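Participant: Here's the letter readout for the chains.
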Amino acid sequence: MRVTLYAPDIAREAYPGQFVHIFMPPEHRDHMLPRPFSIFGTNRHTGELAVLFEIVGRGTALLAGTDPGSSWRLLGPLGRGFPVLQPGSLLVAGGMGIAPLAFLAASTTIPRTLIYGARTADQLVCPRENLELPGLTVYEVTDDGSRGEKGTAVDLFSRLVEGAGAVFACGPRPMLAAVRSISNRAGIEAWISVEERMACGIGACLGCVVPADGGYKQVCRDGPVFRAGEVIIDE
Amino acid sequence: MNETKEQPQNEPELKINLGGIILNSPILAASGPLGYGHEYRELINFDPFGGIIVKGISLEPWSGNPPPRLAETASGMLNAVGLQNPGLVQFMEKDLPLLRDAGPKLIVNIIGCTPDQYTGVASRLDRAGGIDGLEINISCPNIKAGGMAFGTDPRSTYRVVSAVRRKTKLPLLVKLSPNVTDISIIARAAEEGGADAISLINTLSGMLIDIDQKKPLLGNTFGGLSGPAIMPVALRMVWQVAGEVKIPILGMGGINSADDALQFIMAGARAVALGTGLFYNPGLAESIKTGLVKYMRKNNINTLGQIEGIAR
Chain C
-11 MRVTLYAPDI AREAYPGQFV HIFMPPEHRD HMLPRPFSIF GTNRHTGELA VLFEIVGRGT
49 ALLAGTDPGS SWRLLGPLGR GFPVLQPGSL LVAGGMGIAP LAFLAASTTI PRTLIYGART
109 ADQLVCPREN LELPGLTVYE VTDDGSRGEK GTAVDLFSRL VEGAGAVFAC GPRPMLAAVR
169 SISNRAGIEA WISVEERMAC GIGACLGCVV PADGGYKQVC RDGPVFRAGE VIIDE
Chain P
716 MNETKEQPQN EPELKINLGG IILNSPILAA SGPLGYGHEY RELINFDPFG GIIVKGISLE
776 PWSGNPPPRL AETASGMLNA VGLQNPGLVQ FMEKDLPLLR DAGPKLIVNI IGCTPDQYTG
836 VASRLDRAGG IDGLEINISC PNIKAGGMAF GTDPRSTYRV VSAVRRKTKL PLLVKLSPNV
896 TDISIIARAA EEGGADAISL INTLSGMLID IDQKKPLLGN TFGGLSGPAI MPVALRMVWQ
956 VAGEVKIPIL GMGGINSADD ALQFIMAGAR AVALGTGLFY NPGLAESIKT GLVKYMRKNN
1016 INTLGQIEGI AR
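So the protein sequences, as listed, match chains C and P. The opening position of the first sequence corresponds to residue -11 in the working numbering, with each subsequent residue numbered one higher. The opening position of the second sequence corresponds to residue 716 in the working numbering, with each subsequent residue numbered one higher.
Please keep in mind that the hints were generated in silico from the structure rather than gathered at the bench. As the structure is a prediction and not an experimental result, all values here were calculated from the model. Think of the CB as a built atom: it goes at the ideal place given N, C-alpha and C, for glycine as much as any other residue. Some clues are possibly wrong.
Unchecked claim - Partial list, derived from the structure: chain C residues whose beta carbon lies under 7 Å from chain P:
#, residue
1, Pro14
2, Arg17
3, Asp18
4, Ile170
5, Ala187
6, Cys193
7, Val197
Can you make the complete structure from the sequences, with help from the hints?
Facilitator: Here is the structure:
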């Protein structure tokens, strides 16, 4: 699902890797938490902001079923996103992890490579036109080979990591753990975007944390993008 | 039609006295959701709050529980943050100076594993200045040692409360756990120990299981249930405790509207605190305040004292 929202203030400021907190409509607001969504893209001229998601629960079902023209309360842009891309960057997206990486890929025209993997072809939900970008090379990979190469994003990543300028990844935890350790072995700087359940979204409630040396980091405020060495991701 | 001269109506008075703390509004922020207040200050207007109760502070920093710490439930949420906090020294140096001029009265929630740890925090905060009251947390369900253990036994409750009482002249609230057989016994022990007010309720202990992982969903296995799901339980406990103690009650648990707040006041609460509702709607205090004033005007109520415990 892709939903485009008119939010000029957020669209103007947001950069790749940041997220928005979407509050539930009034009839649900008294018993449902706001939901964090990675920003999929912005258009500063039209003031539009897009989010890309799959329906996984009540919040995403409500957003998917919304009527065009309806109003939603948003808070953002939130969190710390990706640094600026350098030539030869390697982007690794697993499943819905494509959302922030498509935004990152679209932020420049320098040569860069995207590995986009999922279990099956129908889980490669990002519209093709969003990845048809000057200077961007895209490798698709699916577990069952129904689109692109047969295998996993990590398989492909192991093959392409040599010589990469830097690594930027978002996807399931096991994928992030593998990307983290492979990049570390190759001596290449890696940035990973971490997902966690959130409540406040602004760093107050300490509900969303990821283990780090000597304690925890807050995903909503210290992240969601971390230098791979900053956090501990269990394999 | 003849001109009818309307009776000049006084603006309803929302000011209350909560155990010696004079609050301009009976609406407080419960300990936890707002953290130490800094982030929310940039987001919402603090004026509708009579007081802010900041997240639990211990003598030393606590790292908290492993993630996941949160899960949404039917009309509520489970959390097992585990009282992560920067410790007393950092709180006094970094957080307190920024909170002193926030507007609402400042109440600091204090936590510990032993009575000495509670009194250590209390005596330092007593001298800190700019703090209007302390709330002793003897009820957090999310840590294995201490916390709730003190709040489930009347003798331990008395021991901790009286020990803290000797160390501070600040108004003292005691926050009770609902995870007990009879909350009124604990409330009486807190009153006898020298509490100036009772806060209730803390979260209800609960859990969820992730059926794909076949494991407990929360990193801590158990967490505390909050939100509208627990409101009737909280209301019942406020009702029970109000019949047992003479000190005022700060009612909380799933309050999400002015109607909810009025029910707590009519059950015997002097004031109410908001928690999970602030996640749903950061502007909740404002709308509750507006709703309270509207209700008071409509029913010719000048002060909240006129309806405190009126349903009893």
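Participant: Are the hints correct? Go through all of them and say.
Facilitator: Against the structure, the hints come out as follows:
1. Pro14: 9 Å, violated
2. Arg17: 5 Å, holds
3. Asp18: With a minimum Cβ separation of about 5 Å from chain P (threshold 7 Å), the hint on Asp18 of chain C holds.
4. Ile170: Status violated, d = 24 Å.
5. Ala187: 5 Å, holds
6. Cys193: OK, holds: Cys193 of chain C within 7 Å of chain P, min 5 Å.
7. Val197: 5 Å, holds
Figure legend: structure checked against the earlier numbered hints; hints not met, in rising order: 1, 4.
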